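S.K.: Residue numbers are given in this note's numbering: position 86 of the sequence shown equals residue 86, and the series is strictly consecutive.
In short, the hints are calculated from the structure, not lab data.
Small disclaimer: the values here were computed from a predicted structure and weren't measured.
Quick reminder that beta carbons are idealized off the backbone N, C-alpha and C, glycines included.
Fair warning: there could be bad hints in the mix.
[As the list claims (entries may be wrong)] Here are the computed lysine-lysine pairs in the PhoX-like style, where the Cα-Cα straight-line distance is at most 25 Å:
hint, residue 1, residue 2
1, Lys80, Lys37
2, Lys80, Lys113
3, Lys45, Lys35
4, Lys113, Lys35
5, Lys35, Lys46
[What the hints assert, rightly or not] The following label-pair restraints were derived from C-beta to C-beta distances:
hint, residue 1, residue 2, range
6, Ala107, Glu42, 30 to 38 Å
7, Lys46, Val117, 32 to 40 Å
8, His49, Thr103, 12 to 20 Å
9, Ile26, Glu102, 26 to 34 Å
10, Lys37, Ile95, 17 to 25 Å
11, Ser29, Tyr93, 16 to 24 Å
12, Ile87, His67, 18 to 26 Å
13, Glu39, Val62, 15 to 23 Å
14, Gln82, Glu43, 15 to 23 Å
15, Val117, Glu42, 33 to 41 Å
16, Ala106, Asp81, 27 to 35 Å
17, Glu78, Ile109, 13 to 21 Å
18, Lys37, Asp81, 16 to 24 Å
19, Gln82, Lys38, 17 to 25 Å
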Amino acid sequence: MITENCSIFKDDFSDYLKPNFKIYSIMISITAIIKSKKENIEEVKKMVHNLVSNTRREAACVRYDLHYTENVFIIWEEWKDQAGLDIHNNQSYLINFIADSETLLAAPIQVYKTTQVM
1 MITENCSIFK DDFSDYLKPN FKIYSIMISI TAIIKSKKEN IEEVKKMVHN
51 LVSNTRREAA CVRYDLHYTE NVFIIWEEWK DQAGLDIHNN QSYLINFIAD
101 SETLLAAPIQ VYKTTQVM
């Protein structure tokens, strides 16, 4: 067995060798805040709905919930891993949404990458 000749692996990672050991990955949480100019609410709403519909089809997307109040759209996202989020960040529908919505928004899109603490 390879671990017999590798004391670092055997000593530091011996728990990984146990039959029932499970590795849990930490999901990535994102909150995005999109504030539309009041006169552009309906147009931005359509664009956000398109973004949400496309994103929810991505394999690494665990959650992509849309919340709304007045002219503010809040997207709460959860991703399986960083690789999946990287793929999402390079999707044409996201890139197009960012570019096409820029002049319709009252402020730049705010994006927060967070860690659950409770």
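S.K.: If a hint holds in the structure, say so; if it doesn't, say that too.
M.R.: Okay, the hints, checked on the actual structure:
Our distance criterion of 25 Å between C-alpha atoms is broken by Lys80 and Lys37, whose separation comes to about 33 Å. The straight-line distance between the Cα atoms of Lys80 and Lys113 is roughly 14 Å, inside the 25 Å bound, and the hint therefore holds. A distance of roughly 11 Å separates the Cα atoms of Lys45 and Lys35; the hinted pair therefore holds under the 25 Å criterion. Of the supplied pair hints, the one linking Lys113 and Lys35 holds, its CA atoms being roughly 18 Å apart against a limit of 25 Å.
Proximity of Lys35 to Lys46 is assessed by CA-CA distance (about 14 Å); at most 25 Å being required, the pair is judged to hold. Our hint of 30 to 38 Å for Ala107 and Glu42 is violated, since their Cβ atoms are close to 18 Å apart. The hint said 32 to 40 Å for the Cβ distance between Lys46 and Val117, and at roughly 35 Å that hint holds. For the hinted restraint 12 to 20 Å between His49 and Thr103, the CB-CB distance of approximately 19 Å keeps it satisfied.
Between Ile26 and Glu102 the C-beta distance comes to about 32 Å, which sits within the given range of 26 to 34 Å. Taking the beta carbon of each, Lys37 and Ile95 are about 21 Å apart, inside 17 to 25 Å as hinted. Judged by the Cβ atoms, the range 16 to 24 Å given for Ser29 and Tyr93 holds: they are separated by roughly 21 Å. Checked against the hint of 18 to 26 Å, the pair Ile87 and His67 passes, with Cβ atoms roughly 24 Å apart.
Restraint check, Glu39 to Val62: a C-beta distance of roughly 35 Å breaks the suggested window 15 to 23 Å. The supplied range of 15 to 23 Å is broken by Gln82 and Glu43, whose beta-carbon atoms lie about 32 Å from each other. Distance hint for Val117 and Glu42: a CB-CB separation of about 37 Å, consistent with the stated range 33 to 41 Å. For Ala106 and Asp81, the hinted distance range of 27 to 35 Å is satisfied, since their beta carbons lie about 33 Å from each other.
Checked against the hint of 13 to 21 Å, the C-beta distance between Glu78 and Ile109 comes to roughly 18 Å, which is consistent with it. About 35 Å separates the C-beta atoms of Lys37 and Asp81, a value inconsistent with the hinted range of 16 to 24 Å. Between Gln82 and Lys38 the Cβ separation comes to about 36 Å, which falls outside the hinted range of 17 to 25 Å.
In summary, the numbered hints that this structure violates are 1, 6, 13, 14, 18 and 19.
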